[in-house]
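Enquirer: In the order they appear, the protein sequences are chains A and B. This note's numbering puts the first sequence at residues 1 to 116. This note's numbering puts the second sequence at residues 117 to 523.
No lab work stands behind these hints: they were computed from the structure. All figures in this text were calculated on a predicted structure; none of them were measured in a lab. Mixed in with the good hints, there may be bad ones.
[Said to hold, decoys possible] Keeping only pairs whose Cα atoms sit at most 16 Å apart, straight-line, the calculated EDC-like set for lysine to aspartate or glutamate is:
| id | chain 1 | residue 1 | chain 2 | residue 2 |
| --- | --- | --- | --- | --- |
| 1 | B | K487 | B | E500 |
| 2 | A | K29 | B | E366 |
| 3 | B | K162 | A | D45 |
| 4 | A | K44 | A | E109 |
| 5 | B | K414 | B | E363 |
| 6 | B | K377 | B | E397 |
| 7 | B | K162 | A | E39 |
| 8 | B | K497 | B | E521 |
| 9 | B | K272 | B | E143 |
| 10 | B | K474 | B | E511 |
| 11 | B | K162 | A | D95 |
| 12 | B | K264 | B | E282 |
[Said to hold, decoys possible] Some, not all, of what chain B presents toward chain A, calculated at C-beta under 10 Å:
| id | residue |
| --- | --- |
| 13 | Q125 |
| 14 | F153 |
| 15 | M157 |
| 16 | K265 |
Beta carbons are placed, not taken as given, at the ideal position from N, Cα and C, and that holds for glycine.
Listed below are the residues making up each chain.
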Amino acid sequence: MKDYMLIFLGADYSEMNLSPEQIQARMGKWFAWNTKMQEQGIVKDGHALHPEMRRVSGPGRTVTDQASAELKELVGGYYVVQAKDFDGAIEVAQDFPDYDLGGTVEIREIMVFDQA
Amino acid sequence: MIDHLFRHQYGKMVSILTRIFGLQHLEMIEDAVQDTFIRAMMSWRKQIPDNPEAWLTQAAKNRILDLLRKLNADQKREFKIASGSSSLAINELFLEHEIGDSQLRMIFTACNPVLNPKDQIAFSLKTISGFSSQEIAASLLLKEETVKKRLIRARKAIQKANLSFEIPMGQELSRRLVRVLEVIYLIFNEGFHSNKKNILIREDLCGEALRLCKLVRQNPNTATPDAHALFALLCFHSARLKSKVNEHQEIISLRSQDRSKWYGPLIILGHSAMNQAVETEAFSVYHYEAAIASEHLKAKTYEDTNWDQILIWYEQLQKISPSLFTQLNIAAIHIQRGAFSQAEQYLMRLDPESLEQKAYLYFATYADLLKYQGDPEGALKQLEIAIDLCSNEVEKQYLLKKKNEIS
């Protein structure tokens, strides 16, 4: 088994004017997904991230605030899960609840370095 | 997960926050509550807390302190929450009866006469019941744009009139309560009487009306016989909600409904409300409508229905609040009693055009009369007119079925 990071992009709930009922329904889906992964014992870690962002870049260590145009590229949260291979991780990502809201899951294998 | 937790919390939180910050900050308040839910959703992804309601309450309290700080900084003025230290005062506002009180203030705000009557319902559903404009549009069969316009117009009217957030007192109270009960009844009717798609939301509307009526009954100043009678009526109607349509969303007539599916606990609740409602002599429209509904529930089979008693209630109803529809109902009751000439007299006195978009009901009733009088051809003709005039698909199907049964 390898570790994969599922990175959640886009689907910023605060911009969507969801009703309380819709928010609760969404949460139910997230919760169901998490429970399923817990039962399979494959979820290792995960967090939601605040939308506010600072970017530090360049030799001058320039600090920029996130621009709203970049919202779709914004990482909203992540999970670290165990899977056999990419296909396994893609299978896990099937349950991500926000595809219909324009959300995207990016899957990256976590690199393991040999302990020399 | 608790059903409708967020929806119900929404109304509570918006009401409490409005009591603290005033109606002029309503938009900020709604955003803040929305934000609290989104935070809850994010943090509950991994695990729902043991007591979600307490979690949300605490989040709301924190949010109030945030907003106080923000507003005080922005406007250089001191917001005061009653007396004493603010966190203590905030805790008091979250006590059960204070929450009820805040929500009641919101209901009276929503039903304030400075608001356009059409906007009152949309505003109530949004602010007290946490429906999105999209959900309100689906429930009231309106365009979302229309709903948004109504909400904006309601907020503007509130701002312009500089309404204070309170329950009226004295004579004003009884006058204003009439409209509050009306709006609750209208919300319920939206859920109960039309059967277009989105069945879930429609049931929610009935549930919301019941919840609002319960709030009115909980406050000693608003717990009037009329409020009890309305609650009884809503309970009686709700008890039959599940047996009104089948799995294909076809209407099942009262005659063919599975009476074992009627929901007993609601009927009992309705009866106890009815007992409170009749403690004084003055009866309202709700009293008589509840009496009629209760009479239907009493009958073990359709054939057991006590039409004579129902007729008496309808005649009383017609006396205190004459309406063309009651007149039409009286005709229909006479048909059931086999009093065809009386039914005919009532129908003769009615001009179907004055029933406007419900005119099809007149022709359907007329068809019934002719059918029972042994004139299937005449009945068919009337049914065809009814089908032609009926715009609700579900009811149209029902009439078509009736037509097939005759021919």
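Enquirer: Evaluate each hint against the coordinates.
Expert: Status of the hints after comparison with the structure:
no.	hint	in the structure
1	B:K487 / B:E500	holds (13 Å)
2	A:K29 / B:E366	violated (31 Å)
3	B:K162 / A:D45	holds (10 Å)
4	A:K44 / A:E109	holds (14 Å)
5	B:K414 / B:E363	violated (25 Å)
6	B:K377 / B:E397	violated (34 Å)
7	B:K162 / A:E39	holds (13 Å)
8	B:K497 / B:E521	holds (14 Å)
9	B:K272 / B:E143	holds (11 Å)
10	B:K474 / B:E511	holds (11 Å)
11	B:K162 / A:D95	holds (14 Å)
12	B:K264 / B:E282	violated (25 Å)
13	Q125	holds (7 Å)
14	F153	holds (5 Å)
15	M157	holds (4 Å)
16	K265	violated (16 Å)
In summary, the structure is inconsistent with hints 2, 5, 6, 12, 16 from the numbered list given earlier, while agreeing with the others.
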